[in-house]
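Just so you know, the protein sequences line up as chains A and B, in that order. So in the numbering used here, spot 22 of the first sequence is number 22, and the numbers just go up one at a time. So in the numbering used here, spot 19 of the second sequence is number 19, and the numbers just go up one at a time.
Take the hints with a grain of salt, since some may be wrong.
[Said to hold, decoys possible] Quick list of simulated restraints, FRET-style, between CB atoms: (1) A23(A) x S12(B): 49 to 57 Å; (2) G72(A) x K153(B): 34 to 42 Å; (3) H20(A) x G164(B): 18 to 26 Å; (4) R22(A) x Q8(B): 34 to 42 Å; (5) E124(B) x D3(A): 22 to 30 Å; (6) I71(A) x K153(B): 34 to 42 Å; (7) N76(B) x D26(A): 26 to 34 Å; (8) S51(A) x N76(B): 24 to 32 Å; (9) H20(A) x N55(B): 48 to 56 Å; (10) A23(A) x N73(B): 44 to 52 Å.
Just so you know, the hints here were simulated from the structure itself, not pulled from any lab data. No experiment lies behind these values; they were computed from the predicted model shown. Quick reminder that beta carbons are idealized off the backbone N, C-alpha and C, glycines included.
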Amino acid sequence: MLDYVDREKNPDLCEEFKAHSRACSDCFNRFKFEVSFRDFLKAKFKGEIVSEEFINKIKTQLKKLQKDISIGEKGW
Amino acid sequence: MLKLKKTQKKLSEFEQVALVHIDSVYNVALRMTKNTSDAEDLVQETYLKAFRFFNKFQAGTNCKAWLLKILTNLFNNKYRQRIKEPPQVSYDEVEEDFLYSLLLKETLEPNENPERILFSQIVEDDVKKVMDNLPEEFRMVVILSFIEDCSYKEIAEIMDTNIGTVKSRLHRGRVMLQKSLYEYAKKRGFVKE
Numbered sequence: 001m002l003d004y005v006d007r008e009k010n011p012d013l014c015e016e017f018k019a020h021s022r023a024c025s026d027c028f029n030r031f032k033f034e035v036s037f038r039d040f041l042k043a044k045f046k047g048e049i050v051s052e053e054f055i056n057k058i059k060t061q062l063k064k065l066q067k068d069i070s071i072g073e074k075g076w
Numbered sequence: 001m002l003k004l005k006k007t008q009k010k011l012s013e014f015e016q017v018a019l020v021h022i023d024s025v026y027n028v029a030l031r032m033t034k035n036t037s038d039a040e041d042l043v044q045e046t047y048l049k050a051f052r053f054f055n056k057f058q059a060g061t062n063c064k065a066w067l068l069k070i071l072t073n074l075f076n077n078k079y080r081q082r083i084k085e086p087p088q089v090s091y092d093e094v095e096e097d098f099l100y101s102l103l104l105k106e107t108l109e110p111n112e113n114p115e116r117i118l119f120s121q122i123v124e125d126d127v128k129k130v131m132d133n134l135p136e137e138f139r140m141v142v143i144l145s146f147i148e149d150c151s152y153k154e155i156a157e158i159m160d161t162n163i164g165t166v167k168s169r170l171h172r173g174r175v176m177l178q179k180s181l182y183e184y185a186k187k188r189g190f191v192k193e
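Looking at chain B on its own, in the form it has when it is part of the complex:
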């Protein structure tokens, strides 16, 4: 009876601190698995595993990062093999300011903002395709940083790697995304060849 009350209290506490992050957890799961069915399964498994190990969670620490670490481990162990990865996006010999320089120098009229021209016209489906085509190790870092606002340190902890690797992957992921978006923009005629 005592244990039942204790676990009920734990569940209530868990719902308060962990379930509030479900939109973020689902968002990351969806971008990693690329389909809603696997994303829902992954989220459910994440929450069940998190509750099972809730006694190991230190109150007051970052619960979202803790949940995302569990999600990442589950994804790596169970879902990763199922996901069809796209052909690698070419990265070699692309400067870090590739897109900015290109838009600035070659495609725009004077006094136009490169970001306004490109970002205001690219449609959501194209952006999703570009993100889904990013190799998984880069996609994860980009999502955690850009979309979930995690710091380099948090991402390193979530992905069980070091900050240098996070920075390097984020940098390469950013350039690959920009390069792919530019290709879409060219195809759709938003920017000149």
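Just chain A, with the same shape it has in the complex:
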């Protein structure tokens, strides 16, 4: 069941499970609960947005590293 919740089964097996769950309210309700749990967690944690200031800081560091690489001090 949890493989279905995690969207890991191939489409044919998903169809089989859907057909089964239409006839089995226990499986259907449990499936619905577990999907809600996934969605609930995702909604609580997905919202982190990195600030432009932090992105610019990384870009500056990358540019510095790119110059070091181009003069042969680091990498490549």
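Dock chain B against the given chain A, drawing on the hints supplied.
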């Protein structure tokens, strides 16, 4: 001069394919380090290391997974020791449908949806505490699967383990989270004892 142009082109390409994933990379870093300062340091180190090894990245493959693998290695080698891990959440003898069965059988009126009752009332801070208290090896798998939508195979590659271990950790992590959330819900009176 030629090398300078080549590296400038590489940087531009890197920014296009890698920097677009910075919110996800930061999100995972924050959940793993549990504080913004370490998370920012970890993200910065991840991007610098990724750029240094960008010539090893295969164009067209999953860049987010590649970045998260670098992040995971850095976290394991440098940050892991610093993080104060909570006491282990008890897992033994908990059935995989523990929370669903409990809510269904013991705490709800007929015709009520267990997910609506529990999930609509638990506050964000409690959820964050519960996630932070999850042991690190389970927390990582849960975040990558639930929050970042990585497949079992991608998680196995990121964490350098096998799919069986990923499934087992995800399963245990899910039950531990549900058990802890239920405890919070009980404390706050959202569900009956």
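Hint check results:
Under the hint 49 to 57 Å, the C-beta atoms of A23(A) and S12(B), about 56 Å apart, fit the expected range. Here the CB-CB span from G72(A) to K153(B) is close to 38 Å, well matched to the stated 34 to 42 Å. Checked against the hint of 18 to 26 Å, the C-beta distance between H20(A) and G164(B) comes to roughly 25 Å, which is consistent with it. The hint said 34 to 42 Å for the Cβ distance between R22(A) and Q8(B), and at roughly 58 Å that hint is violated.
The hinted range of 22 to 30 Å is satisfied by E124(B) and D3(A), whose Cβ atoms lie roughly 29 Å apart. At about 40 Å, the CB distance of I71(A) to K153(B) agrees with the hint of 34 to 42 Å. As the Cβ distance of N76(B) to D26(A) is approximately 41 Å, the hint placing it in 26 to 34 Å is violated. Our hint of 24 to 32 Å for S51(A) and N76(B) holds, since their Cβ atoms are close to 27 Å apart.
Roughly 49 Å separates the CB atoms of H20(A) and N55(B), a value that falls within the hinted 48 to 56 Å. Between A23(A) and N73(B), the C-beta spacing of about 47 Å keeps the proposed range 44 to 52 Å intact.
Going down the numbered hints, you'll see the structure goes against 4 and 7, while the others check out.
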